[in-house]
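Next come the chains, spelled out residue by residue.
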Amino acid sequence: MIWKLLKKDIVRRLRNPGGFILLVLLPLLISLLLGLVFGGGRDNRVMPEVKLLIEDHDHGLASQFIAGAFHRGELARLFDVKSVDEGVGRRMMDKGEASALLIIPKGFADSLVSEKPTELILVKNPSESFLPKIAEETIGILSEGGDRLVRIVENPLRMIRKSAQNDSIVSDEKVAAISILFKNLIEKTKNLFFPPLIRFNQVAQKEGKKQTSGSVLFAYLLAGNTLMALLFVLEIFARDFFRERDNQTLYRMLTSPVTSRQYLAAKLIFLFVAALLAYLLVWLAGLLFFGIRITQPISFLVLSLLIVSALTGVIALLYAVVKTRTQAASLAPAIIIVLSMLGGAMIPFGSLPGFMKKIAFISPVYWGTDGLHRIVISHESLAAMPLHVGVLFSLGLLLNILAFILFAKKVQL
Amino acid sequence: MLRIENLTKSFNGLVAVDHISFHVQKGEIFGFLGPNGAGKTTTINMICSLLKPDGGSIFIDDADIQFGPAKLRNKLGVVPQETALYEELSAEENLMFWGSLYGMSGKALKTRVAELLELTGLQERAGERVKNYSGGMKRRLNMAAGMIHTPKLLLLDEPTVGIDPQARHNMLEMVRDVARKGTTILYTTHYMEEAELLCDRLAIIDHGRILVMGTQQEIQQVVGENRLLKVSGTFSPETAELLAKQIAGLTLVSLKEKELVYGLPVKFGTGQFIEKLVAAGFKIDNLSIKEPNLDTVFLKLTGRELRD
Numbered sequence: 024m025i026w027k028l029l030k031k032d033i034v035r036r037l038r039n040p041g042g043f044i045l046l047v048l049l050p051l052l053i054s055l056l057l058g059l060v061f062g063g064g065r066d067n068r069v070m071p072e073v074k075l076l077i078e079d080h081d082h083g084l085a086s087q088f089i090a091g092a093f094h095r096g097e098l099a100r101l102f103d104v105k106s107v108d109e110g111v112g113r114r115m116m117d118k119g120e121a122s123a124l125l126i127i128p129k130g131f132a133d134s135l136v137s138e139k140p141t142e143l144i145l146v147k148n149p150s151e152s153f154l155p156k157i158a159e160e161t162i163g164i165l166s167e168g169g170d171r172l173v174r175i176v177e178n179p180l181r182m183i184r185k186s187a188q189n190d191s192i193v194s195d196e197k198v199a200a201i202s203i204l205f206k207n208l209i210e211k212t213k214n215l216f217f218p219p220l221i222r223f224n225q226v227a228q229k230e231g232k233k234q235t236s237g238s239v240l241f242a243y244l245l246a247g248n249t250l251m252a253l254l255f256v257l258e259i260f261a262r263d264f265f266r267e268r269d270n271q272t273l274y275r276m277l278t279s280p281v282t283s284r285q286y287l288a289a290k291l292i293f294l295f296v297a298a299l300l301a302y303l304l305v306w307l308a309g310l311l312f313f314g315i316r317i318t319q320p321i322s323f324l325v326l327s328l329l330i331v332s333a334l335t336g337v338i339a340l341l342y343a344v345v346k347t348r349t350q351a352a353s354l355a356p357a358i359i360i361v362l363s364m365l366g367g368a369m370i371p372f373g374s375l376p377g378f379m380k381k382i383a384f385i386s387p388v389y390w391g392t393d394g395l396h397r398i399v400i401s402h403e404s405l406a407a408m409p410l411h412v413g414v415l416f417s418l419g420l421l422l423n424i425l426a427f428i429l430f431a432k433k434v435q436l
Numbered sequence: 115m116l117r118i119e120n121l122t123k124s125f126n127g128l129v130a131v132d133h134i135s136f137h138v139q140k141g142e143i144f145g146f147l148g149p150n151g152a153g154k155t156t157t158i159n160m161i162c163s164l165l166k167p168d169g170g171s172i173f174i175d176d177a178d179i180q181f182g183p184a185k186l187r188n189k190l191g192v193v194p195q196e197t198a199l200y201e202e203l204s205a206e207e208n209l210m211f212w213g214s215l216y217g218m219s220g221k222a223l224k225t226r227v228a229e230l231l232e233l234t235g236l237q238e239r240a241g242e243r244v245k246n247y248s249g250g251m252k253r254r255l256n257m258a259a260g261m262i263h264t265p266k267l268l269l270l271d272e273p274t275v276g277i278d279p280q281a282r283h284n285m286l287e288m289v290r291d292v293a294r295k296g297t298t299i300l301y302t303t304h305y306m307e308e309a310e311l312l313c314d315r316l317a318i319i320d321h322g323r324i325l326v327m328g329t330q331q332e333i334q335q336v337v338g339e340n341r342l343l344k345v346s347g348t349f350s351p352e353t354a355e356l357l358a359k360q361i362a363g364l365t366l367v368s369l370k371e372k373e374l375v376y377g378l379p380v381k382f383g384t385g386q387f388i389e390k391l392v393a394a395g396f397k398i399d400n401l402s403i404k405e406p407n408l409d410t411v412f413l414k415l416t417g418r419e420l421r422d
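Protein sequences appear in the order of chains A and B.
Counting from 24, one number per residue, gives the positions in the first sequence under the numbering used here.
Counting from 115, one number per residue, gives the positions in the second sequence under the numbering used here.
It is possible that part of the hints are untrue.
Stated by the list, open to error - 30 Å max Cα-Cα, derived DSBU-like pairs, lysine-lysine:
id	chain 1	residue 1	chain 2	residue 2
1	B	Lys-221	A	Lys-433
2	B	Lys-140	A	Lys-433
3	B	Lys-189	A	Lys-433
4	B	Lys-185	A	Lys-30
5	B	Lys-245	B	Lys-140
6	A	Lys-432	B	Lys-224
7	A	Lys-30	B	Lys-140
8	A	Lys-346	B	Lys-245
9	A	Lys-432	B	Lys-140
In case anyone wonders, no lab produced these hints; they're calculated from the structure.
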């Protein structure tokens, strides 16, 4: 009998495929949006490049050093640098064709060598907020670095400058003296630079097990986001409890050999199955499109069943308690948002205020999100988190049983 | 087929059904006539065992429904006031689903669904979703869903409310057809004309109590050959009572401050009677004459019209 009732609900839902697909894909769409914002694509390049124009009026060694810095390493990935002739940069900026324009003034290198104050001019595109800021910060760091370098080598530079001013040909003695100054400078600073105290070592993971920083971030966000969206999806499906009552189909059902228990069991199973389908689709998309790797599939599946069961219980209980569809529609968003916030689905758990962290344990979203983080990001197995299993299992069992009992009373006329 | 004995039900101290008793014979169409809120639907809900009576007994085929109501549900078919159907499904799918709940399956179910679609005239649009149906089509399908398992007792709770005359006519034809095939029918309505046209016997119910019960002829004897005159206006109650005593055969059915109802013998001319009223000092604002029928019975018994 339960299967007949369940089948009927599935067919009804499938008859309205647009709505059904939208409901199932709701968490997926939100997660996709987050993925685009926070990164995690296969090529790990979702951050737009900073388009930087450089107008070099000096054409000296120092200006070439600055321009060259943007063509090396990480800066080369972050910046799209274009050297332009004098006056061209301003015109391009006026048309909004770049994020920033760096102007290196004439005599820049001479000023550095002669220890005279000089400046780099950065023109930012006012229609962009984020990318010009990156350019400003980067050039600021380069200027700071250049300034320190000049101060470290100021003595040898001063001697070179004097020699160049006084003699047309530098004598062997002066070359020897400058060499000694450089040697002493290196001796004094070698403990700082050789070997470096912090060594940056980049290790490439083997292909096939690659989980980029972007996909980790996506998995982190996806866990909480999915559970919040799932609560909303469940709430929409649960409205059928009232729809059947208002349409009198519940009345007709209860005059037939169907018992109220069979009817309720079918409804709860439908909620669970529909929510589980939505949930699994979201994670499947995470695996396929965002490079998420689940190294503990059994633990993941078991935890997922426990999570969906607990969340089904939350929404079923809400609908068992309220008297009308309007009451449910008013209360549900508030409850879902509170539970999601406490569970770290909206704001990372670590950023929550202390008092919220203390009461977070009441939210199944907290246990679900934390459990998923540990399985998907830290690659722990379910055996390492018995408390999560126990809490989610108990919540799922208790909430669903309670909802069932309250509903059974409600369906009596 | 159906026997009700001393049935009682109250909600928060308000008596909805007050010690009613009646029986319905096999194959009979029994009308339950009364205004909205009279207790008709409460009685049906108790027969379906959806409501537990405060007192009294209900027997279907001589079996008390309080002992094993689930077993008796196969014998019962219910057609609720509202169209209790799944609008996302087609007529055929609805009937297949409701039939399957009664244990029907396979060829037997398909054959029965086809029969009902033909009976309701919906076979040509059987595959179409119910949400596209007209009100009358939904009503017919609603009735078919109540009959899918060929019940012995069919409870129809105001099945024609809110539908057009043509659709109502079709519905009444369907009910007659089902009864002819041997199904016992309890038909609740507040439309006097429907009860007159359809029912073999009927009971008039008001405020949870059966006022009168029997065949149409038996019930009409309550008002006899009298027409009912409802008079609204200004008059002295004493004069109104005196007039009833002076004219042979005239009865004062009800008397309110500005309204009264007289039972007037048919042989007494209406114009002549109005002259007497005016001569007695009545200032008449409105006057209506009701020929003897079920509505006049209800008016005589309650002082109200059925649709008041």
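We went through each hint and held it up to the structure:
| no. | hint | result |
| --- | --- | --- |
| 1 | B:Lys-221 - A:Lys-433 | 37 Å, violated |
| 2 | B:Lys-140 - A:Lys-433 | 35 Å, violated |
| 3 | B:Lys-189 - A:Lys-433 | 26 Å, holds |
| 4 | B:Lys-185 - A:Lys-30 | 24 Å, holds |
| 5 | B:Lys-245 - B:Lys-140 | 36 Å, violated |
| 6 | A:Lys-432 - B:Lys-224 | 35 Å, violated |
| 7 | A:Lys-30 - B:Lys-140 | 37 Å, violated |
| 8 | A:Lys-346 - B:Lys-245 | 27 Å, holds |
| 9 | A:Lys-432 - B:Lys-140 | 35 Å, violated |
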